[in-house]
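**Q** These are the residues of each chain, in order.
Number of protein chains: 2
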Amino acid sequence: MNRMTGIIKESIIEPEQFSEYIGSTIKVHGSIYKVRRMSGFAFILLRTKREVIQCIYGEEFSRFSLSEIGEEYSVIATAKVVKEERSKTGVELHLIAVEILSRPAMESPIVINNKKVDTSMENLLNYRPITLRNEKERAIFKIQEGLCQGFRAYLSTQKFTEIHTPKIVYAGAEGGANIFKLNYFGKEAYLAQSPQFYKQMMVGVYERVFEIGPVYRAEKHDTSRHLNEYTSVDFEMGYIESFEDIMQMETGMIQYALNHLKEHYRFELELLKVKLPEVKEIPTIRFVEAKELIAKEYNREIKDYEDFEPEEEKLLYEVIKKKTGSEFIFVTHYPAKKRPFYAMEDPEDKEVTLSFDLLFRGLEVTTGGQRIHDYEDQVSKMEERGMTVDLFESYLMMHKYGMPPHGGLGMGLERFTSKLLGQDNVRLATLFPRDRNRLIP
Amino acid sequence: MNRMTGIIKESIIEPEQFSEYIGSTIKVHGSIYKVRRMSGFAFILLRTKREVIQCIYGEEFSRFSLSEIGEEYSVIATAKVVKEERSKTGVELHLIAVEILSRPAMESPIVINNKKVDTSMENLLNYRPITLRNEKERAIFKIQEGLCQGFRAYLSTQKFTEIHTPKIVYAGAEGGANIFKLNYFGKEAYLAQSPQFYKQMMVGVYERVFEIGPVYRAEKHDTSRHLNEYTSVDFEMGYIESFEDIMQMETGMIQYALNHLKEHYRFELELLKVKLPEVKEIPTIRFVEAKELIAKEYNREIKDYEDFEPEEEKLLYEVIKKKTGSEFIFVTHYPAKKRPFYAMEDPEDKEVTLSFDLLFRGLEVTTGGQRIHDYEDQVSKMEERGMTVDLFESYLMMHKYGMPPHGGLGMGLERFTSKLLGQDNVRLATLFPRDRNRLIP
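Protein chains in written order, with numbering that gives the first Met the number 0: chain A, 0 to 440; chain B, 0 to 440.
Because the hints were derived from the structure by calculation, they are not lab data.
Accuracy of the hints is not assured; some may be wrong.
Since copy identity is lost for identical chains, a pair holds within one copy or between any two.
[Claimed, not checked] In the DSS-like style, the derived pairs of lysine-lysine whose C-alpha atoms are separated by at most 27 angstroms in a straight line are: (1) LYS79 with LYS8; (2) LYS219 with LYS180; (3) LYS33 with LYS399; (4) LYS261 with LYS158; (5) LYS399 with LYS114.
Isolated chain A (complex conformation) (with noise of 0.2 angstroms):
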């Protein structure tokens, strides 16, 4: 019998900690990125878990042809460490060896060892296995994981409890056109849209709770800035005092996150160029003020008084960012019928909820606001709107024995990180995107 006790032996010396071990010879592993031959040497690219190591071939001292190695090799490379100003870590690796732990079977019809991969975005996704190992391409999830990071971990200093909510759901759930089907043991059963339902469930248990999870909606939309599966940042908090409480969060937590990621991921904002914008403070507008503030700086006639037109949103982002600075604007208020059954009226006007979305750069990135927390008000709110009140049972268990005032807000993950980073679309910020015409890989 043998016993494993948690600890690894590794020889294996990481990036950071080159500077310490200058004049020695270490060993590093990695994937061959690039081979670039000069005259009696070469620079030979070794991509590593998140750098891109700079490594020199040279006839007095590496003892391998370089004939033996190309590129997507994974070798152990056994190197002295040279200090070099020039170099982004500050070192660089004369290989001495190298072993070959794999080879690719053939090259990569597509080139991902330049500054960025040139293709279509077409084939970016196609290819994403291989694509993805691109420096730029590999630093945008780098950053998306630093945001989660950042959420998560805002989230639990105002002692939030994270949670995992089913996605497979049953009839009575939000509903609408916009819903994966599926079988369940001879029962119909829905993809979850939102955790909304669970959420506030758990409201009622622990207060404050979070989950970031995939969603669903069946969307036909073909566009830059739908996905069908996507990653949804979900938050609900009790005890608020007014649905600006929620907002609140949503700031600090966007205010964290960004400082996070300037902390953690300096590398990856250098690599991509990211210029993160200043978050002191969000302006908010009121809907229907935000339709007449377009209308007016635009001279534009409002078509629609119960939505916004994209192209509104984005001349939205033009003018208060030209008033304000701010990249971000909350827009509140928005008319009851535009809102689910369980948004909170505004008790001095019943037109419009006491809700909200967050826009960035142009782009609704976050829904939210208060819910119905009275039982009577929220079985009353569904018989007006022609619902089968009895489906919701066991969702309107919670307000029946009692709920504090409540709400929250989904905000989507993808969509954030594609404004953070300037993308135009937001499959560039989705690891395997989901879309009417996507499905692989």
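Dock chain B against chain A, hints included.
**A** Same frame as chain A, now just chain B:
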């Protein structure tokens, strides 16, 4: 225009700060968990985010009538903090006034405020939105949160990158009978049984990756250890020297998470009287040797040389615990026939794979192993098994264009939590379980 600054002005004092406020009058909010009337006074238990706080109603200092309040009312209480050694928080609160924020429409049909919820599992799960409010019930999922935090934190220290991969997958995915089907805009799609393909692809990108997310098994079993949707803790790592590296990593991850619980979840561990297992080291045993050991120790006939019977897993636990003291055991070298097409065969014996299960207190909680990384090897293996290789084009892309030796595992979060807490049914460690017959709530 209003402005959000990220600062929430809260006058609410959290329980851990109470000791700083002895003698002062403070405000707290929460749900009234229990009212115990005595003569001339009453104990009022207030359920807050994590603690249940003992408050005293006394005719001499309370400026309201007991009849004004009831269980599951949400309130803001104004109270004086009084030292009280016998209370868990070291203080008790003398209630001066309560502001009622909401009232339930009726009383819960199930008593939730006793030490435990005394009802059938059926009821416990049917009334989940309220039974989870029980102090012990909710402690279970705080511990589950703590485990996730611990796993994530450990994997971050080990330089794993967190990823989010799609759960709607295409035809060529792992397959088998136990898979939920879905109509995806006219195409047949499936719910992912694991992030297997995607995490392997991402090893080519980041070397080490992990994901904690939902997975789906359309298994018809309705047992105490099966769920049709559960949360999988998956990691995958490149540049392994042996499949033992994966087991070492898991051992380290478990050690770290249990220490994290000890440090940050002491309150819940004590409430649930959890005995954390010692995990200094985890023994390993080959599958065939485990079978023989059980046969010998318990004088049983070996009926199935390819798999364990559930009873055998329990017996193995007993004998290993007796011999080594360990409540965990890694069983290694499972027969190749029973492992998936991507499992790496043992070069010394092609009948078995470089794979393992981790058994915890007699239940399989993890399956893992080394994967085939060579393109030709993988294609041959698939052909041997009669698979349609073309369907796997996007999966095989990584092998074709170069992959390091790698492997990983998937751990069932609910199973792990359940065994840790000494439960006899995995549903008890699931917020809203999905089984053959359960889709609601």
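**Q** If a hint holds in the structure, say so; if it doesn't, say that too.
**A** Right, here's what the structure says about each hint:
no., hint, result
1, LYS79 with LYS8, "within (21 angstroms within a copy, 57 angstroms between copies)"
2, LYS219 with LYS180, "both (14 angstroms within a copy, 19 angstroms between copies)"
3, LYS33 with LYS399, "between (64 angstroms within a copy, 17 angstroms between copies)"
4, LYS261 with LYS158, "both (24 angstroms within a copy, 18 angstroms between copies)"
5, LYS399 with LYS114, "between (59 angstroms within a copy, 23 angstroms between copies)"
The structure agrees with every numbered hint stated previously.
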